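Participant: The listed protein sequences derive, respectively, from chains U and V.
FYI, numbering that gives the first Met the number 0 numbers position 191 of the first sequence as 190, with every residue one higher than the one before it.
FYI, numbering that gives the first Met the number 0 numbers position 345 of the second sequence as 344, with every residue one higher than the one before it.
No lab work stands behind these hints: they were computed from the structure.
Treat each hint with caution, since some may be false.
[What the hints assert, rightly or not] Facing chain V, a subset of chain U residues (Cβ under 7 Å, in silico):
| # | residue |
| --- | --- |
| 1 | Glu-141 |
| 2 | His-149 |
| 3 | Pro-174 |
| 4 | Ala-185 |
| 5 | Arg-188 |
| 6 | Met-189 |
[Said to hold, decoys possible] Negatives, chain V to chain U, calculated, CB over 12 Å:
| # | residue |
| --- | --- |
| 7 | Val-37 |
| 8 | Ala-101 |
| 9 | Gln-155 |
[Unchecked claim] Reference listing, derived: stretches of chain V covered by chain U, where coverage requires no fewer than 3 residues with Cβ under 8 Å from a Cβ of chain U:
| # | segment |
| --- | --- |
| 10 | 57 to 70 |
| 11 | 86 to 100 |
| 12 | 170 to 176 |
Since the model is a prediction, treat every value here as computed from it, not as a measurement.
Built from N, CA and C at the ideal position, the CB exists for glycine as well.
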Amino acid sequence: MAGSGLFSVITRPVVIALVIGGIGGMVFIGFLNEFHHFASRNEFCTSCHSMTFAETVYQQSAHYNSASGVRASCGDCHVSPGLLASTWDHVVGATDFFKQLFGENYDDPVINALHLPESAFMAREWFRKRDSASCRYCHVQEAIQGERTHTAAIHREETEGKTCIDCHTNLVHRPVPDERTFKRDAWNRMIEEEFGLEPGTADRLLAKPRPE
Amino acid sequence: MFGVIQMRKGFETIGGQWVGVLVLLGWMLAGPALAEPVKLDPRHWGHEAGEKCVSCHSKASSGLASQWRESAHHAAGVNCMDCHQAERSDPDSMVHEGQIIATIVSPKDCGRCHQKEYEEQQGSVHAEAFALIEARLPALADHVGGPIMRAASCDQCHGSRVGVQGDGRLDPATWPNSGIGRINPDGSKGSCSACHGRHRFSKAQAREPEACVRCHSGPDSPDKEIFEASKHGMVYAAHRHEMNLDAPEWVAGRDYTAAPTCVTCHMGAAGKLPSTHDVGMRNAWSLNSPVSNRQFLVVFEDGAKMELPEGAEIPKRGAELTRLDGTVGQVKTLAAPDRRRQAMSMVCLECHAKSFTESFMSQFDAVVELFNDKFGRPARDVMAGLYAAELLTPTPFDEPIEFTYWELWHDEGARARHGASMMSPNHAWWEGMYVVGRNFYARFLPEARAIAGERADELVDAVIGAVESHQWLNDPGQSSPILGFARDTHEEAE
Chain U
0 MAGSGLFSVI TRPVVIALVI GGIGGMVFIG FLNEFHHFAS RNEFCTSCHS MTFAETVYQQ
60 SAHYNSASGV RASCGDCHVS PGLLASTWDH VVGATDFFKQ LFGENYDDPV INALHLPESA
120 FMAREWFRKR DSASCRYCHV QEAIQGERTH TAAIHREETE GKTCIDCHTN LVHRPVPDER
180 TFKRDAWNRM IEEEFGLEPG TADRLLAKPR PE
Chain V
0 MFGVIQMRKG FETIGGQWVG VLVLLGWMLA GPALAEPVKL DPRHWGHEAG EKCVSCHSKA
60 SSGLASQWRE SAHHAAGVNC MDCHQAERSD PDSMVHEGQI IATIVSPKDC GRCHQKEYEE
120 QQGSVHAEAF ALIEARLPAL ADHVGGPIMR AASCDQCHGS RVGVQGDGRL DPATWPNSGI
180 GRINPDGSKG SCSACHGRHR FSKAQAREPE ACVRCHSGPD SPDKEIFEAS KHGMVYAAHR
240 HEMNLDAPEW VAGRDYTAAP TCVTCHMGAA GKLPSTHDVG MRNAWSLNSP VSNRQFLVVF
300 EDGAKMELPE GAEIPKRGAE LTRLDGTVGQ VKTLAAPDRR RQAMSMVCLE CHAKSFTESF
360 MSQFDAVVEL FNDKFGRPAR DVMAGLYAAE LLTPTPFDEP IEFTYWELWH DEGARARHGA
420 SMMSPNHAWW EGMYVVGRNF YARFLPEARA IAGERADELV DAVIGAVESH QWLNDPGQSS
480 PILGFARDTH EEAE
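With the rest of the complex left out, here is chain V:
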C-alpha cells in the first residue's frame, strides 16, 4: 500500500510530459519495472549429469563448487551442466568426462534463462566495449606498450576477441578474460561475470559500487574515486547496512532509500522507471570522446543498438541504417538525448525535487559544454591543422604532442566531465578541468606552436583567438594576489 502511494505521488509530481517518457521506456524495454523472474519452465534445468560434476569438482576445485552452493542457482536446482553444456558444433565445445561442454558461459548461454537481461545487454556500450576500440587498439596497446599488454590490461576491461585454436584449446593470448565487451566464440558480445562474480552470482555483490571498480577507476575513468568523493558516496559509506542489497527486488525509493550506487542511477529500477541491463541507455552525453556529443540511441529490429550524435541525420522508425560493422539494420525505435536525460532524472526524483534535479543537470551540462568549446574543439582543430599541413606524421604517439592531446581529452578531460556528472568537486576541478587548462596552456599550445613554426599564427593562434573564453590571455596586466605577487601587495611590501 505504501509503495502504491509512493508511486502515485511520484506520478503526480512528474507531470504529463513524463508520462510519455514512462510509456516510451516501458515499451522500449518491454519488461516490468522489477528484476525479471526467469520464465523458463524449471523442467528445463537440473541436468542429470550435473551431480557428477559437483561430486568431482567439490574435490578438484572446491572453491568454485562452494561458491555455487551459496548461489541462487543452487537453490533453484541449476547445476554446472545447465550453464556449461554445449553443442558439438559450437566452436569451443569440448568433451569433458564424457559430456560435451564449453568453458565459456557466454551472455547467450545465460540468456537461455535470463532472456530479458541478455537482450538489454546486447548492443549496450558495455557489450560493445571491445568492438568499439578494436581498430584503435594497435596504435596504443601494441605500439606504445606491446601486444602482451592487451591480455593484462586493455582486454581485462574491454574484453578480448576469444580465439579457439585448431586444437580446440582457448587461445591463451585471449583467455582467461572476463572483460565486459568480450567477443565470445558463439559470436555474442559481453561477459556477465564481469560484474556478477562467478560462481556465486550474488545480487548483492553486483549492486555494490565495487562491482564496477575493476574498470571504472584510475586516471581515465576514476568513477570509483568520484563516487567515493561525492555526497552520494559519503552517504553510502555511512549507511551501507541500510541498502537492502540482498532484496529480491531492488527499486530505489521503495526497497532502499539510504543512498544510490552506480547501479541505482545507470541500471536500477527507481519508482516507476524500469531496471535495464543497457548501462548506457540513460546517458545523454558521450563523455569519453575528444568532444562530447549529445547522443541518440538507435534500437534496431534485431536488437542491435547504435549511438548517433546530435546533429547527425536522425533516421525515422522503420528506416534502414548502415551500422558500424557495415550491416544494414531496420530502426525499431529511437531515444533522443532529452529522453535519455529524463530517464536518468527519474532516478534523481526518488530523492530530489524536480527543480533541484534540473538545476544540477544544467550545471553538469555547462561543464561539458565548457570543455567542448574551450578545450576539446580548439585542441581538435589545432591537431587537425597540423596533420593536414603534414607537420605531424599520421602515426599516433610518435610525436610528444600526440600524448599531450590524448591525455587532454582521454584522461584529464574525461576526469573533469565525469567529476561534474557525479559530483566530485575535486575531480571536476583539481583532477579535471584545472589539469586540462594547465595542459592546454602550458604544454599543448607551446608544443603546437613549436611544431607549426612560422605557421603558428595561422594553425594555432588563429584557432585560439576565435574562442571567447581564451581572450583573457590578451590582457597581461590583470594582477591578482593568487600567486603572491599581485602588484598592489607587491608595492605595499616595498
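One chain only, chain U, in its complex shape:
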C-alpha cells in the first residue's frame, strides 16, 4: 500500500519538477563554483584601484614568485576553501566593494596606507578564526621541512594551541605590527615621511569625513 501510495505521489509534474530542480541545483552549484573561481582571481580583486597597492607588494613576495612555480592568488589565501565557506566569504567580502564605493577614498595611496593596519588586523583575525584554513589548503604542517636545521621539529613540537597566522604574519603585504603593540602615531609619521607630507596631515586625513 505504501509503495503504491508513493508511486501515486510521483506524478508526472513532480518528476518534471524534480528534474528541473535537480538540474537547476547543479547549475546553481556550478555557478557558485565558477563564481568562486572568477571572484578569487587577482584580476577580479585588482579591478578596484585600491587593491593594486596590496598587489604591488604581493608581487615581490614568495607567494607570487616561487621556485616551484606555484603561485597563490588573492583568493587562495583570502577566501576559505570549500563551496559553502567560500560563498559566505564572497558575500561578506562584498562589504569591501561597498566600502570602495561609499567609504574613504582608498584609491588615494596615502588614505590607503593610513587604513592598511586595520585591514591587516581584520585579515589576521579572519585567518585565526578559521585556523588558517586557506594556508593549510596548500601547506601541510606535518610535512614542513624548511631550510634551517630544526624547522621541522619546531612545526611538530612548538605549535600547540597555535595556528599558522600566529607566527607567520607580514609574509606577503606591507609589514604591519601586531594590533597589541601597534602605535598609530608612529605609523602616521612614517606615512607622512614616505609621501613628503607635513607632520599632522595623517591625523587630519583620518579625522576628516570623506569630502563629497
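Since the structure of chain U is already known, use the hints to place chain V on it.
Facilitator: Just chain V now, with coordinates in the frame of chain U:
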C-alpha cells in the same frame, strides 16, 4: 684575615689625605667595594613564559640558547622573558609568540636587577659616546665617507641612535648595534653587551683586555696595542692563568695580583677602592681632544654627569648648571681632577710604592703638557687664525690641511698621550710624539704657510715663534751624527 691585614696596611700607607678620598669616593658611588649582588627578590624573575622561549630557541637559534645555559643568569633562574619582556607602550615593543617583548635589552632593562651598575654607567663617557659626537659625525662620516659607514664603523663603537620604524621594525640603518653609547628606544644610553658578550654574560670575559679591543685599537686609540706593549701587558700574557678571572669578586691586591687589565685600573675594585661602571671617573685628563684638559666630573642629582675643564667656572654643590643637552641640573657632587687622579693612583698602590706611582704620574703629565704646549695649542691657534682670515672654508675636510690637523691631535697626538699614560715606549714616541713632530714640522707648518701666503709671518710664524720649545729651529748650525752627516764626521771622512 689576610685580606684585612692587607687592607689595614694599605690604609696606613696611604695616609690621612687619602682617607678623605676614600670617604668621598665611597659616598659618591654609594656602594660597597665589591661586585654588587643583585638585591631584588628572586620572586621577581623566572618568568613563566620563559620555558617556552627556551624550548623553541633551542631549536631556532641553538647557539644563543646554549650560551644562556652556560650563564650565571641561567644558574639563577633568569630566563629570556625576564630581560626581553616589554610594556605595550614601549616604542620598540612587539608581539612574539603571544608575548610582548623587545629585541633590545637596554641598560635600563638590565638595571631592573643591576641597579648600581646601571646608575654608574649612565652619564659615563661610555654611555655618552654617541651623544658626544652626534653633531660632529656628518662632517666626517657622511662627507669623507658616506652615511653607510656609520653602521659599519662609527656606530659599532660609539653606538647608534636606534630608530623604530612606523611599522614597528628596528631601522636597519641603526640596528643591529652594540656600540657602547647606543641611544636606545627607551631613551637610556649605552649597551651592556658592548663589553658583556650576550647571551653568556661571563664575568671572566668582561674582565679580559679583549673586552675592550673592538674599539680601543687602531690608529686613533691603540690601547690594545699599548697595553700589549707595556710591562703590564707583558706580565698579563705570561700570567693570565693566575688572574682568577672567574672569581665572584675581583679585587686587585686581594683576589689577584698577577697583572692588571684594562678593567683593573679603569673600573675595578682595588684594595679599598670600590669598583665602578663609570669608566672615565678615574681619568684626570681628557686625552682625545685637540688640547688636553684636566677635567672636573660633575654629578647631578638626577644621576647625569658632565665633564668640566679645569679653568672653567666650577659650580658649588647644590648649584644649578646647564648641561650639554640644554637641560638644567642640580649639582650633587664634584670630583676635581686631583681627586680622580688619586682614585686611579689607589689602584697603582696595590702593587707599587707611593713615590713610584707619583713619579710615574708626573712623567705622564709632562708628556700631556708637552703635547699641549708645543703642538696642540700652537696648531689650534694657527688653524683658528686661518679660519678667522677666511683663508680656509668653514667646511671641515675640504682642504688638505684639515686632514693634517685632524690626524695631528686625533690620531698621532692621541697615540702619544695614550702611549705615555699606559707605558708603551713605542707608542709614546715612534707611533706617537715622533709622528706628531714630523707632521707638525714637515706637513702642517709648510701647508699652513702656503695657505697664509703673504700673511705667513703673522698667522703662522708668529705663533710658533712665541713657543720656547720651537726655538731650536732658529739655530740651523747644530750638527749631529744622527743622519750620518754630522759636520766633524763629514770632515774626517774627507
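Participant: Take the hints in turn and mark each one as holding or not.
Facilitator: Checked hints:
| no. | hint | verdict |
| --- | --- | --- |
| 1 | Glu-141 | violated, 16 Å |
| 2 | His-149 | holds, 3 Å |
| 3 | Pro-174 | holds, 5 Å |
| 4 | Ala-185 | holds, 5 Å |
| 5 | Arg-188 | holds, 6 Å |
| 6 | Met-189 | holds, 2 Å |
| 7 | Val-37 | holds, 29 Å |
| 8 | Ala-101 | violated, 9 Å |
| 9 | Gln-155 | holds, 26 Å |
| 10 | 57 to 70 | holds (count 3) |
| 11 | 86 to 100 | holds (count 8) |
| 12 | 170 to 176 | violated (count 0) |
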